[in-house]
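Asker: Sequence:
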Amino acid sequence: MNAPPSKRPKLSITSSRSNDDEDFGLSEEAARRQIAGLLQNCYRADGHRRVMSLLRKFPSLAARKYWYQYHGRDHVYPLVYLLRCRAPISIAALREMCQLYPAAMTSFDADTLHKARFFSSAPNPAIQFVLEVCPHVATQCCVKRYYPIHMLLQRQRIDHVTIRKLLDAYPRAILKDPNCIALAIANGYSMACFELLVDRWAAAVSRVKNRKKAQSSLVVKKGSYLCLAKAELLAEKILPWLTSVVFAGLESYALFRILESLKTSRSITEVSLGHVRLTGPRDTETNQSRRQQLEQALERLLVENATIRRLTLDMGQFNTSFLALFNTRRQSRICRLDSLEITSNEAVSARILSTWLQEAIRLPRHLRLHIGSLSGRWHEDSLNNHRAAAQSETSGLRDLTIVVMRPSRAFPGLLSYLQTQQPLERLTLRLPLSSEESDALTETIVVLLRRDRLKSLDCCFGPIDPARFGMALRENTSLKELTISTGSTCDLSCAVADALTHHNTTLQEVDCEGSASDKIDYYSHLNQYGRREARNNGTNREEFVSLLCRVTEARRQSLQGDVVRVTGSEETDLLFGLLLESPVGTWC
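In our numbering, the protein residues as written are 13 to 600.
It is worth saying that the hints were derived from the structure and are not from the lab. Hints may contain errors.
As the list claims (entries may be wrong) - Subject to a maximum C-alpha distance of 25 Å in a straight line, what follows is the list of computed PhoX-like cross-link-like pairs (lysine-lysine):
1. Lys275 <-> Lys249
2. Lys249 <-> Lys233
3. Lys467 <-> Lys492
4. Lys233 <-> Lys275
5. Lys492 <-> Lys531
6. Lys249 <-> Lys234
All figures in this text were calculated on a predicted structure; none of them were measured in a lab.
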(Lines of atoms letter the chains of each structure in order from A and count residues from 1; the text may use other names and numbers.)
(Lines give C-alpha, C1' and ligand atoms only; values in the text may rest on other atoms or scores of the structure.)
Protein backbone atom coordinates (compact mmCIF):
# COMPACT_ATOMS: atom_id res chain seq x y z
CA MET A 1 0.00 0.00 0.00
CA ASN A 2 1.39 3.40 -0.95
CA ALA A 3 2.38 5.81 1.80
CA PRO A 4 0.48 9.07 2.17
CA PRO A 5 1.99 12.10 0.40
CA SER A 6 3.10 13.66 3.67
CA LYS A 7 5.12 10.55 4.56
CA ARG A 8 6.82 10.12 1.19
CA PRO A 9 10.59 10.84 1.10
CA LYS A 10 11.49 14.11 -0.62
CA LEU A 11 13.59 13.79 -3.76
CA SER A 12 16.33 16.33 -4.35
CA ILE A 13 16.59 17.73 -7.89
CA THR A 14 20.21 18.77 -7.34
CA SER A 15 23.13 16.46 -7.08
CA SER A 16 24.51 15.91 -3.61
CA ARG A 17 28.00 15.47 -4.94
CA SER A 18 30.46 18.31 -4.60
CA ASN A 19 32.26 19.89 -7.52
CA ASP A 20 35.36 17.87 -6.74
CA ASP A 21 33.37 14.63 -6.89
CA GLU A 22 31.70 15.74 -10.11
CA ASP A 23 35.04 16.63 -11.70
CA PHE A 24 36.70 13.33 -10.65
CA GLY A 25 38.03 11.61 -13.73
CA LEU A 26 37.13 14.58 -15.96
CA SER A 27 39.63 15.13 -18.76
CA GLU A 28 40.90 18.51 -19.84
CA GLU A 29 39.14 18.19 -23.20
CA ALA A 30 35.83 17.45 -21.50
CA ALA A 31 36.32 20.44 -19.21
CA ARG A 32 37.04 22.62 -22.22
CA ARG A 33 33.79 21.52 -23.83
CA GLN A 34 31.83 22.26 -20.66
CA ILE A 35 33.35 25.74 -20.47
CA ALA A 36 32.52 26.35 -24.11
CA GLY A 37 28.92 25.35 -23.46
CA LEU A 38 28.65 27.61 -20.44
CA LEU A 39 30.06 30.56 -22.34
CA GLN A 40 27.20 30.37 -24.83
CA ASN A 41 24.65 31.08 -22.08
CA CYS A 42 25.79 34.02 -19.98
CA TYR A 43 22.33 34.24 -18.31
CA ARG A 44 22.70 30.98 -16.39
CA ALA A 45 22.61 31.75 -12.68
CA ASP A 46 25.33 29.33 -11.52
CA GLY A 47 27.38 29.39 -14.71
CA HIS A 48 30.20 31.47 -13.30
CA ARG A 49 30.60 29.16 -10.29
CA ARG A 50 30.93 26.15 -12.56
CA VAL A 51 33.46 27.95 -14.77
CA MET A 52 35.54 28.90 -11.73
CA SER A 53 35.44 25.29 -10.48
CA LEU A 54 36.70 23.95 -13.79
CA LEU A 55 39.41 26.58 -14.08
CA ARG A 56 40.70 25.77 -10.58
CA LYS A 57 41.17 22.17 -11.67
CA PHE A 58 42.57 23.03 -15.14
CA PRO A 59 44.42 26.39 -14.97
CA SER A 60 45.65 26.14 -18.56
CA LEU A 61 42.10 26.56 -19.84
CA ALA A 62 41.97 30.16 -18.58
CA ALA A 63 44.06 31.43 -21.50
CA ARG A 64 42.19 29.44 -24.15
CA LYS A 65 39.95 31.15 -26.72
CA TYR A 66 36.42 29.86 -27.06
CA TRP A 67 33.67 30.46 -29.56
CA TYR A 68 31.22 33.04 -28.29
CA GLN A 69 27.68 32.83 -29.72
CA TYR A 70 25.89 35.72 -27.96
CA HIS A 71 26.57 38.41 -30.57
CA GLY A 72 27.72 36.42 -33.54
CA ARG A 73 30.46 33.82 -33.81
CA ASP A 74 33.53 35.30 -32.21
CA HIS A 75 36.36 34.53 -29.81
CA VAL A 76 36.11 35.24 -26.10
CA TYR A 77 38.12 34.44 -22.97
CA PRO A 78 36.58 32.97 -19.83
CA LEU A 79 37.47 36.03 -17.77
CA VAL A 80 35.52 38.29 -20.12
CA TYR A 81 32.54 36.00 -19.67
CA LEU A 82 32.82 36.23 -15.89
CA LEU A 83 32.92 40.02 -16.07
CA ARG A 84 29.81 40.14 -18.27
CA CYS A 85 27.88 37.55 -16.28
CA ARG A 86 24.45 38.77 -15.18
CA ALA A 87 24.61 36.67 -12.03
CA PRO A 88 26.23 38.32 -9.00
CA ILE A 89 29.93 37.57 -8.87
CA SER A 90 32.24 38.79 -6.17
CA ILE A 91 35.28 40.89 -6.82
CA ALA A 92 37.21 38.46 -4.62
CA ALA A 93 36.57 35.70 -7.16
CA LEU A 94 37.84 37.90 -9.98
CA ARG A 95 40.95 38.79 -8.01
CA GLU A 96 41.53 35.11 -7.26
CA MET A 97 41.39 34.23 -10.94
CA CYS A 98 43.77 37.00 -11.92
CA GLN A 99 46.24 36.01 -9.21
CA LEU A 100 46.12 32.29 -9.85
CA TYR A 101 46.05 32.53 -13.65
CA PRO A 102 48.12 35.50 -14.92
CA ALA A 103 47.61 34.32 -18.49
CA ALA A 104 43.99 35.43 -18.24
CA MET A 105 45.14 39.04 -18.03
CA THR A 106 45.93 38.95 -21.74
CA SER A 107 42.19 38.91 -22.41
CA PHE A 108 41.96 42.55 -21.30
CA ASP A 109 42.32 44.36 -24.60
CA ALA A 110 40.12 46.97 -26.25
CA ASP A 111 38.94 44.82 -29.17
CA THR A 112 37.86 41.90 -27.01
CA LEU A 113 35.97 44.08 -24.53
CA HIS A 114 34.33 46.08 -27.32
CA LYS A 115 33.09 42.97 -29.13
CA ALA A 116 31.73 41.60 -25.87
CA ARG A 117 29.90 44.91 -25.21
CA PHE A 118 31.65 45.14 -21.87
CA PHE A 119 31.19 48.84 -21.08
CA SER A 120 27.53 48.82 -22.07
CA SER A 121 26.40 45.64 -20.27
CA ALA A 122 28.84 44.64 -17.51
CA PRO A 123 28.03 45.44 -13.87
CA ASN A 124 29.61 48.50 -12.31
CA PRO A 125 31.88 46.55 -9.91
CA ALA A 126 33.31 44.53 -12.82
CA ILE A 127 34.07 47.70 -14.80
CA GLN A 128 35.74 49.26 -11.78
CA PHE A 129 37.81 46.11 -11.28
CA VAL A 130 39.05 46.10 -14.87
CA LEU A 131 39.97 49.78 -14.77
CA GLU A 132 41.84 49.20 -11.53
CA VAL A 133 43.77 46.12 -12.65
CA CYS A 134 44.37 47.14 -16.29
CA PRO A 135 44.17 50.93 -16.68
CA HIS A 136 45.64 50.69 -20.20
CA VAL A 137 42.27 49.40 -21.46
CA ALA A 138 40.77 52.89 -21.18
CA THR A 139 43.54 54.34 -23.34
CA GLN A 140 43.15 51.62 -25.97
CA CYS A 141 39.37 52.05 -26.17
CA CYS A 142 39.65 55.82 -26.59
CA VAL A 143 42.40 55.63 -29.18
CA LYS A 144 40.33 53.19 -31.24
CA ARG A 145 37.27 55.44 -30.87
CA TYR A 146 35.12 52.96 -28.97
CA TYR A 147 33.95 55.83 -26.70
CA PRO A 148 33.71 54.01 -23.34
CA ILE A 149 32.31 57.08 -21.56
CA HIS A 150 29.54 57.33 -24.13
CA MET A 151 28.63 53.68 -23.51
CA LEU A 152 28.59 54.21 -19.76
CA LEU A 153 26.38 57.29 -19.97
CA GLN A 154 23.86 55.51 -22.20
CA ARG A 155 23.09 52.98 -19.50
CA GLN A 156 20.15 53.18 -17.13
CA ARG A 157 22.13 53.04 -13.90
CA ILE A 158 25.67 54.26 -13.58
CA ASP A 159 27.44 55.77 -10.59
CA HIS A 160 30.01 58.52 -10.68
CA VAL A 161 32.58 56.17 -9.07
CA THR A 162 32.82 54.12 -12.27
CA ILE A 163 33.22 57.23 -14.40
CA ARG A 164 35.82 58.60 -11.99
CA LYS A 165 37.91 55.43 -12.28
CA LEU A 166 37.73 55.60 -16.06
CA LEU A 167 38.83 59.24 -16.10
CA ASP A 168 41.58 58.48 -13.61
CA ALA A 169 42.88 55.77 -15.91
CA TYR A 170 42.85 58.06 -18.98
CA PRO A 171 42.05 61.75 -18.28
CA ARG A 172 41.77 62.69 -21.96
CA ALA A 173 39.05 60.09 -22.52
CA ILE A 174 36.41 62.74 -21.99
CA LEU A 175 37.74 64.70 -24.99
CA LYS A 176 37.50 61.67 -27.27
CA ASP A 177 33.73 61.48 -26.86
CA PRO A 178 32.15 64.17 -29.06
CA ASN A 179 29.10 64.86 -26.90
CA CYS A 180 29.30 63.21 -23.48
CA ILE A 181 28.22 66.38 -21.65
CA ALA A 182 25.01 66.56 -23.69
CA LEU A 183 24.34 62.87 -23.05
CA ALA A 184 24.67 63.42 -19.31
CA ILE A 185 22.18 66.29 -19.56
CA ALA A 186 19.67 64.31 -21.64
CA ASN A 187 19.70 61.29 -19.31
CA GLY A 188 19.31 63.41 -16.18
CA TYR A 189 22.27 62.17 -14.17
CA SER A 190 22.89 63.34 -10.64
CA MET A 191 24.57 66.61 -9.82
CA ALA A 192 27.63 64.78 -8.51
CA CYS A 193 28.10 62.89 -11.77
CA PHE A 194 27.47 65.99 -13.88
CA GLU A 195 29.87 68.09 -11.80
CA LEU A 196 32.53 65.40 -12.17
CA LEU A 197 32.18 65.37 -15.96
CA VAL A 198 32.25 69.15 -16.24
CA ASP A 199 35.31 69.53 -14.00
CA ARG A 200 37.24 66.82 -15.82
CA TRP A 201 36.25 68.23 -19.22
CA ALA A 202 37.38 71.75 -18.31
CA ALA A 203 40.65 70.45 -16.85
CA ALA A 204 41.38 68.34 -19.93
CA VAL A 205 40.60 71.17 -22.36
CA SER A 206 42.82 73.61 -20.51
CA ARG A 207 45.79 71.29 -21.06
CA VAL A 208 45.27 70.93 -24.80
CA LYS A 209 47.79 73.01 -26.74
CA ASN A 210 46.12 72.72 -30.13
CA ARG A 211 42.58 74.06 -29.71
CA LYS A 212 41.47 72.53 -33.04
CA LYS A 213 41.84 69.03 -31.57
CA ALA A 214 39.56 69.78 -28.63
CA GLN A 215 35.79 69.60 -28.62
CA SER A 216 34.33 72.87 -29.91
CA SER A 217 30.59 72.22 -30.10
CA LEU A 218 27.79 71.23 -27.74
CA VAL A 219 24.48 69.84 -29.01
CA VAL A 220 21.74 69.55 -26.39
CA LYS A 221 18.47 68.49 -28.03
CA LYS A 222 16.85 67.11 -24.85
CA GLY A 223 17.52 69.68 -22.18
CA SER A 224 14.50 69.20 -19.92
CA TYR A 225 16.74 67.88 -17.10
CA LEU A 226 19.04 70.90 -17.18
CA CYS A 227 18.29 72.61 -13.89
CA LEU A 228 19.51 76.04 -12.90
CA ALA A 229 22.46 74.66 -10.90
CA LYS A 230 23.67 72.62 -13.89
CA ALA A 231 23.15 75.62 -16.18
CA GLU A 232 25.33 77.74 -13.87
CA LEU A 233 28.04 75.09 -13.95
CA LEU A 234 27.77 74.77 -17.72
CA ALA A 235 27.98 78.53 -18.24
CA GLU A 236 30.97 78.88 -15.97
CA LYS A 237 33.24 76.03 -17.13
CA ILE A 238 32.05 74.74 -20.52
CA LEU A 239 30.64 77.56 -22.65
CA PRO A 240 33.76 79.80 -22.63
CA TRP A 241 35.65 77.09 -24.54
CA LEU A 242 33.04 76.37 -27.24
CA THR A 243 32.55 77.83 -30.72
CA SER A 244 29.13 76.31 -31.50
CA VAL A 245 26.14 75.57 -29.24
CA VAL A 246 22.72 74.03 -29.92
CA PHE A 247 20.04 74.11 -27.23
CA ALA A 248 16.50 72.75 -27.45
CA GLY A 249 13.92 71.70 -24.89
CA LEU A 250 15.37 73.81 -22.07
CA GLU A 251 13.42 75.47 -19.34
CA SER A 252 13.12 79.22 -19.74
CA TYR A 253 15.22 80.06 -16.69
CA ALA A 254 18.07 77.76 -17.82
CA LEU A 255 18.10 79.26 -21.32
CA PHE A 256 18.07 82.78 -19.86
CA ARG A 257 21.17 81.98 -17.79
CA ILE A 258 22.98 80.52 -20.81
CA LEU A 259 22.18 83.53 -23.01
CA GLU A 260 23.51 85.85 -20.33
CA SER A 261 26.77 83.90 -20.11
CA LEU A 262 27.30 83.86 -23.89
CA LYS A 263 27.47 87.66 -23.98
CA THR A 264 31.07 87.65 -22.72
CA SER A 265 32.25 84.68 -24.78
CA ARG A 266 34.95 85.56 -27.33
CA SER A 267 35.04 82.17 -29.07
CA ILE A 268 31.37 81.48 -29.83
CA THR A 269 30.46 81.83 -33.52
CA GLU A 270 27.30 79.69 -33.97
CA VAL A 271 24.20 79.71 -31.78
CA SER A 272 21.09 77.60 -32.35
CA LEU A 273 18.06 77.96 -30.08
CA GLY A 274 15.21 75.48 -30.35
CA HIS A 275 11.89 75.31 -28.56
CA VAL A 276 11.66 76.29 -24.89
CA ARG A 277 9.60 74.53 -22.25
CA LEU A 278 6.96 76.87 -20.83
CA THR A 279 4.36 75.79 -18.30
CA GLY A 280 0.71 76.62 -18.77
CA PRO A 281 -1.07 78.34 -21.66
CA ARG A 282 0.90 80.61 -23.89
CA ASP A 283 -1.06 83.79 -23.16
CA THR A 284 -0.63 83.64 -19.38
CA GLU A 285 1.01 86.61 -17.72
CA THR A 286 3.91 84.51 -16.41
CA ASN A 287 4.78 83.05 -19.81
CA GLN A 288 4.51 86.44 -21.50
CA SER A 289 6.96 87.82 -18.96
CA ARG A 290 9.35 84.92 -19.57
CA ARG A 291 9.16 85.42 -23.34
CA GLN A 292 9.94 89.08 -22.93
CA GLN A 293 12.95 88.25 -20.75
CA LEU A 294 14.26 85.82 -23.36
CA GLU A 295 13.83 88.42 -26.11
CA GLN A 296 15.76 90.99 -24.11
CA ALA A 297 18.51 88.48 -23.30
CA LEU A 298 18.87 87.51 -26.97
CA GLU A 299 18.96 91.16 -28.01
CA ARG A 300 21.73 91.90 -25.50
CA LEU A 301 23.63 88.85 -26.75
CA LEU A 302 23.52 89.98 -30.40
CA VAL A 303 24.40 93.57 -29.52
CA GLU A 304 27.24 92.92 -27.08
CA ASN A 305 28.82 89.83 -28.63
CA ALA A 306 30.84 90.62 -31.75
CA THR A 307 31.90 87.05 -32.63
CA ILE A 308 28.55 85.40 -33.46
CA ARG A 309 28.24 84.83 -37.21
CA ARG A 310 25.46 82.24 -37.45
CA LEU A 311 22.13 82.26 -35.63
CA THR A 312 19.35 79.65 -35.83
CA LEU A 313 16.18 80.69 -34.05
CA ASP A 314 12.88 78.96 -33.34
CA MET A 315 10.25 81.69 -33.08
CA GLY A 316 7.94 79.47 -31.02
CA GLN A 317 9.18 80.95 -27.75
CA PHE A 318 9.19 84.55 -28.98
CA ASN A 319 6.47 86.96 -29.99
CA THR A 320 5.97 87.88 -33.65
CA SER A 321 7.06 91.44 -32.96
CA PHE A 322 10.52 90.13 -32.12
CA LEU A 323 11.45 90.45 -35.81
CA ALA A 324 11.54 94.20 -35.23
CA LEU A 325 14.89 93.55 -33.58
CA PHE A 326 16.44 93.37 -37.05
CA ASN A 327 14.96 96.59 -38.44
CA THR A 328 16.76 99.80 -39.42
CA ARG A 329 16.89 101.32 -35.96
CA ARG A 330 18.92 98.46 -34.47
CA GLN A 331 20.43 96.82 -37.53
CA SER A 332 23.63 98.87 -37.31
CA ARG A 333 24.47 97.15 -34.02
CA ILE A 334 23.81 93.54 -35.04
CA CYS A 335 24.73 93.61 -38.73
CA ARG A 336 27.62 91.17 -38.23
CA LEU A 337 25.53 88.02 -38.82
CA ASP A 338 26.49 86.01 -41.91
CA SER A 339 23.75 83.41 -41.57
CA LEU A 340 20.29 83.69 -40.04
CA GLU A 341 17.71 80.89 -39.95
CA ILE A 342 14.25 81.53 -38.52
CA THR A 343 11.79 78.70 -37.95
CA SER A 344 8.19 79.11 -36.83
CA ASN A 345 5.27 76.72 -37.02
CA GLU A 346 2.91 79.56 -36.20
CA ALA A 347 1.76 82.55 -38.20
CA VAL A 348 4.23 85.38 -38.79
CA SER A 349 3.11 88.89 -39.59
CA ALA A 350 3.77 89.63 -43.27
CA ARG A 351 3.88 93.36 -42.55
CA ILE A 352 6.66 93.02 -39.97
CA LEU A 353 8.63 90.65 -42.20
CA SER A 354 8.30 92.91 -45.25
CA THR A 355 9.29 96.00 -43.26
CA TRP A 356 12.39 94.27 -42.00
CA LEU A 357 13.47 92.98 -45.42
CA GLN A 358 12.86 96.30 -47.18
CA GLU A 359 14.32 98.64 -44.56
CA ALA A 360 17.31 96.62 -43.38
CA ILE A 361 20.67 98.29 -43.93
CA ARG A 362 22.43 94.95 -44.34
CA LEU A 363 20.89 91.50 -44.54
CA PRO A 364 22.82 88.33 -43.66
CA ARG A 365 24.59 86.58 -46.50
CA HIS A 366 22.54 83.42 -45.88
CA LEU A 367 18.89 83.85 -44.88
CA ARG A 368 16.50 80.94 -44.35
CA LEU A 369 12.87 81.35 -43.38
CA HIS A 370 10.77 78.28 -42.52
CA ILE A 371 7.33 79.65 -41.67
CA GLY A 372 4.00 77.98 -41.05
CA SER A 373 2.02 80.83 -42.60
CA LEU A 374 2.16 84.55 -43.38
CA SER A 375 -0.70 86.53 -41.85
CA GLY A 376 -1.96 89.65 -43.53
CA ARG A 377 -0.74 91.29 -46.72
CA TRP A 378 2.76 92.17 -47.79
CA HIS A 379 3.55 95.80 -47.03
CA GLU A 380 4.44 97.29 -50.41
CA ASP A 381 5.75 100.83 -50.68
CA SER A 382 7.21 102.26 -53.86
CA LEU A 383 9.77 104.19 -51.82
CA ASN A 384 10.75 101.06 -49.88
CA ASN A 385 10.98 99.01 -53.08
CA HIS A 386 13.21 101.64 -54.68
CA ARG A 387 15.36 101.74 -51.55
CA ALA A 388 15.58 97.93 -51.43
CA ALA A 389 16.65 97.81 -55.08
CA ALA A 390 19.28 100.48 -54.47
CA GLN A 391 20.62 98.78 -51.32
CA SER A 392 20.55 95.22 -52.67
CA GLU A 393 24.06 95.54 -54.06
CA THR A 394 25.43 96.25 -50.58
CA SER A 395 22.91 94.32 -48.47
CA GLY A 396 25.03 91.15 -48.50
CA LEU A 397 22.16 88.73 -49.22
CA ARG A 398 23.37 85.95 -51.53
CA ASP A 399 21.55 82.80 -50.39
CA LEU A 400 17.80 82.98 -49.69
CA THR A 401 15.47 80.16 -48.65
CA ILE A 402 11.77 80.78 -48.07
CA VAL A 403 9.47 77.92 -47.07
CA VAL A 404 5.82 78.62 -46.25
CA MET A 405 3.50 75.72 -45.47
CA ARG A 406 0.09 77.32 -46.03
CA PRO A 407 -1.29 79.71 -48.70
CA SER A 408 -1.17 83.41 -48.00
CA ARG A 409 -2.29 86.70 -49.50
CA ALA A 410 1.26 88.00 -49.08
CA PHE A 411 2.78 85.86 -51.87
CA PRO A 412 2.41 88.41 -54.73
CA GLY A 413 4.17 91.10 -52.69
CA LEU A 414 6.90 88.63 -51.69
CA LEU A 415 7.55 87.69 -55.32
CA SER A 416 7.75 91.37 -56.27
CA TYR A 417 10.32 91.90 -53.53
CA LEU A 418 12.48 89.05 -54.88
CA GLN A 419 12.73 90.83 -58.23
CA THR A 420 14.55 93.73 -56.52
CA GLN A 421 17.37 91.52 -55.18
CA GLN A 422 20.20 92.14 -57.63
CA PRO A 423 23.10 90.06 -56.20
CA LEU A 424 21.05 86.94 -55.30
CA GLU A 425 23.00 83.76 -56.17
CA ARG A 426 21.00 80.94 -54.57
CA LEU A 427 17.21 80.87 -54.25
CA THR A 428 14.98 78.19 -52.72
CA LEU A 429 11.21 78.66 -52.83
CA ARG A 430 8.59 76.39 -51.29
CA LEU A 431 5.35 78.29 -51.73
CA PRO A 432 1.88 76.73 -52.17
CA LEU A 433 0.92 79.10 -54.97
CA SER A 434 -2.41 79.06 -56.76
CA SER A 435 -2.92 79.11 -60.52
CA GLU A 436 -3.79 82.81 -60.36
CA GLU A 437 -0.31 83.56 -58.99
CA SER A 438 1.55 81.73 -61.76
CA ASP A 439 2.22 84.91 -63.75
CA ALA A 440 3.93 86.57 -60.78
CA LEU A 441 6.09 83.48 -60.16
CA THR A 442 7.07 83.23 -63.83
CA GLU A 443 7.95 86.91 -63.98
CA THR A 444 10.11 86.65 -60.87
CA ILE A 445 12.08 83.65 -62.16
CA VAL A 446 12.52 85.16 -65.62
CA VAL A 447 13.83 88.43 -64.15
CA LEU A 448 16.33 86.60 -61.94
CA LEU A 449 17.56 84.35 -64.76
CA ARG A 450 18.11 87.23 -67.17
CA ARG A 451 20.38 89.01 -64.71
CA ASP A 452 22.95 86.19 -65.07
CA ARG A 453 23.82 86.11 -61.36
CA LEU A 454 21.71 83.25 -60.08
CA LYS A 455 23.76 80.05 -59.67
CA SER A 456 21.21 77.79 -57.98
CA LEU A 457 17.41 77.71 -58.25
CA ASP A 458 15.13 75.39 -56.30
CA CYS A 459 11.43 76.02 -56.87
CA CYS A 460 8.55 73.67 -56.05
CA PHE A 461 4.77 73.74 -55.90
CA GLY A 462 4.33 76.65 -58.28
CA PRO A 463 3.00 76.73 -61.88
CA ILE A 464 5.41 78.31 -64.38
CA ASP A 465 4.93 79.25 -68.03
CA PRO A 466 7.11 76.76 -70.01
CA ALA A 467 7.66 79.06 -73.01
CA ARG A 468 8.91 82.05 -71.03
CA PHE A 469 10.96 79.88 -68.68
CA GLY A 470 12.63 78.04 -71.56
CA MET A 471 13.49 81.31 -73.33
CA ALA A 472 15.09 82.76 -70.18
CA LEU A 473 17.03 79.53 -69.61
CA ARG A 474 18.48 79.70 -73.13
CA GLU A 475 19.93 83.15 -72.52
CA ASN A 476 21.22 82.41 -69.04
CA THR A 477 24.97 81.80 -68.57
CA SER A 478 25.28 81.62 -64.77
CA LEU A 479 22.86 78.95 -63.51
CA LYS A 480 24.55 75.66 -62.57
CA GLU A 481 21.97 73.91 -60.35
CA LEU A 482 18.27 73.63 -61.10
CA THR A 483 15.62 71.80 -59.08
CA ILE A 484 12.09 72.49 -60.22
CA SER A 485 8.81 70.69 -59.66
CA THR A 486 5.45 72.07 -60.69
CA GLY A 487 3.29 68.98 -60.23
CA SER A 488 1.33 67.11 -62.87
CA THR A 489 -0.32 70.22 -64.32
CA CYS A 490 2.82 71.54 -66.02
CA ASP A 491 5.71 69.68 -67.68
CA LEU A 492 8.84 71.83 -67.91
CA SER A 493 11.17 69.01 -68.94
CA CYS A 494 10.69 69.67 -72.66
CA ALA A 495 11.49 73.37 -72.24
CA VAL A 496 14.59 72.57 -70.18
CA ALA A 497 15.76 69.92 -72.65
CA ASP A 498 15.28 72.26 -75.60
CA ALA A 499 17.36 74.95 -73.88
CA LEU A 500 20.13 72.48 -73.09
CA THR A 501 20.28 70.95 -76.56
CA HIS A 502 21.51 73.98 -78.49
CA HIS A 503 21.98 76.94 -76.15
CA ASN A 504 22.70 76.49 -72.44
CA THR A 505 26.20 75.17 -71.69
CA THR A 506 26.50 76.03 -67.97
CA LEU A 507 23.68 74.06 -66.34
CA GLN A 508 25.29 70.98 -64.77
CA GLU A 509 22.90 69.55 -62.17
CA VAL A 510 19.20 69.33 -63.07
CA ASP A 511 16.35 67.70 -61.18
CA CYS A 512 13.27 68.02 -63.38
CA GLU A 513 10.85 65.14 -63.81
CA GLY A 514 9.09 64.72 -67.10
CA SER A 515 9.12 63.06 -70.48
CA ALA A 516 12.52 64.50 -71.48
CA SER A 517 14.45 63.56 -68.33
CA ASP A 518 16.92 61.28 -70.17
CA LYS A 519 17.83 64.04 -72.61
CA ILE A 520 18.30 66.47 -69.73
CA ASP A 521 20.66 64.06 -67.94
CA TYR A 522 22.82 63.62 -71.03
CA TYR A 523 23.31 67.31 -71.82
CA SER A 524 23.78 68.31 -68.17
CA HIS A 525 26.58 65.73 -67.87
CA LEU A 526 28.05 67.03 -71.10
CA ASN A 527 28.09 70.54 -69.63
CA GLN A 528 29.73 69.19 -66.49
CA TYR A 529 32.66 67.76 -68.44
CA GLY A 530 33.53 70.82 -70.49
CA ARG A 531 30.96 71.34 -73.23
CA ARG A 532 31.40 75.12 -73.04
CA GLU A 533 35.18 74.88 -73.43
CA ALA A 534 34.81 72.38 -76.28
CA ARG A 535 32.60 74.86 -78.20
CA ASN A 536 35.04 77.73 -77.76
CA ASN A 537 37.11 78.49 -80.84
CA GLY A 538 40.01 79.56 -78.64
CA THR A 539 40.41 76.09 -77.14
CA ASN A 540 43.56 74.49 -78.52
CA ARG A 541 44.14 70.79 -79.04
CA GLU A 542 45.98 70.24 -75.75
CA GLU A 543 43.13 71.76 -73.78
CA PHE A 544 40.58 69.74 -75.72
CA VAL A 545 42.49 66.51 -75.02
CA SER A 546 42.46 67.39 -71.32
CA LEU A 547 38.64 67.54 -71.48
CA LEU A 548 38.56 64.03 -72.89
CA CYS A 549 40.93 62.88 -70.17
CA ARG A 550 38.57 64.21 -67.52
CA VAL A 551 35.89 61.81 -68.77
CA THR A 552 38.21 58.80 -68.81
CA GLU A 553 39.56 59.71 -65.35
CA ALA A 554 36.02 59.89 -63.97
CA ARG A 555 35.34 56.46 -65.45
CA ARG A 556 38.52 55.06 -63.88
CA GLN A 557 37.55 56.42 -60.46
CA SER A 558 34.10 54.88 -60.84
CA LEU A 559 35.69 51.48 -61.40
CA GLN A 560 37.95 51.81 -58.35
CA GLY A 561 35.58 53.48 -55.90
CA ASP A 562 32.08 52.95 -54.59
CA VAL A 563 30.59 56.10 -56.18
CA VAL A 564 29.67 55.62 -59.83
CA ARG A 565 30.31 58.89 -61.65
CA VAL A 566 30.46 57.71 -65.25
CA THR A 567 29.32 54.31 -66.52
CA GLY A 568 30.76 52.54 -69.56
CA SER A 569 28.01 53.64 -71.95
CA GLU A 570 28.07 57.20 -70.60
CA GLU A 571 31.81 57.41 -71.19
CA THR A 572 31.37 56.66 -74.89
CA ASP A 573 28.46 59.08 -75.24
CA LEU A 574 30.31 61.89 -73.47
CA LEU A 575 33.48 61.45 -75.52
CA PHE A 576 31.52 61.41 -78.77
CA GLY A 577 29.43 64.39 -77.63
CA LEU A 578 32.53 66.48 -76.91
CA LEU A 579 33.90 65.61 -80.34
CA LEU A 580 30.69 66.78 -81.98
CA GLU A 581 30.67 70.04 -79.99
CA SER A 582 34.24 70.98 -80.88
CA PRO A 583 34.93 73.26 -83.87
CA VAL A 584 35.93 71.63 -87.14
CA GLY A 585 39.68 70.98 -87.38
CA THR A 586 40.47 71.02 -83.66
CA TRP A 587 40.71 67.28 -83.22
CA CYS A 588 41.23 66.19 -86.84
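Asker: Now tell me if each hint is right for this structure.
Answerer: Do the hints match the structure? See the list:
1. Lys275 <-> Lys249: holds, 15 Å
2. Lys249 <-> Lys233: It holds: about 20 Å lies between the C-alpha atoms, which stays within 25 Å.
3. Lys467 <-> Lys492: holds, 5 Å
4. Lys233 <-> Lys275: The hint holds at about 22 Å.
5. Lys492 <-> Lys531: Roughly 17 Å separates the two Cα atoms, so the pair holds.
6. Lys249 <-> Lys234: Distance of about 20 Å is within 25 Å: holds.
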